[in-house]
Amino acid sequence: MLRLEQNGGPAVARNFGASNSQGEFLCFLDSDDEFLITIFPKWCRYWMQIRGPRL
-5 MLRLEQNGGP AVARNFGASN SQGEFLCFLD SDDEFLITIF PKWCRYWMQI RGPRL
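Residue numbers (the numbering used here): -5 to 49.
Hints in this document: simulated from the structure, not taken from any laboratory.
Quick caveat, the model's predicted, so the values are computed rather than measured.
Any given hint could turn out to be false.
To be verified - Restricting the straight-line Cα-Cα distance to at most 20 Å, the calculated cross-link-like pairs of lysine to any residue (SDA-like) are:
id, residue 1, residue 2
1, K36, G17
2, K36, N9
3, K36, F22
4, K36, L23
5, K36, A7
6, K36, C21
7, K36, S13
As the list claims (entries may be wrong) - Cβ pair distances, simulated, as ranges:
id, residue 1, residue 2, range
8, K36, G2, 30 to 36 Å
9, E(-1), D27, 20 to 26 Å
10, V6, I44, 27 to 33 Å
11, C38, N14, 30 to 36 Å
12, N9, F29, 16 to 22 Å
13, R39, G3, 18 to 24 Å
14, W37, Q16, 27 to 33 Å
15, R39, G11, 20 to 26 Å
16, R45, F22, 35 to 41 Å
17, A7, R45, 34 to 40 Å
18, N1, T32, 19 to 25 Å
19, A12, W37, 28 to 34 Å
Think of the CB as a built atom: it goes at the ideal place given N, C-alpha and C, for glycine as much as any other residue.
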């Protein structure tokens, strides 16, 4: 979990998160998004199949 002391907007937060990320997957969620932990394994398998960054 990362935390910024000042609100610089979504671009600043995402750039900060991306520059401090490790691992194979990176996902950004907004306050109105819901990430269901039960869906996570299926989501990972999907991304492993298509390989590469997607928007």
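Subject >> Indices of hints not satisfied (ascending) >> reply: 2, 5, 7, 11, 13, 14, 16, 17, 18 and 19
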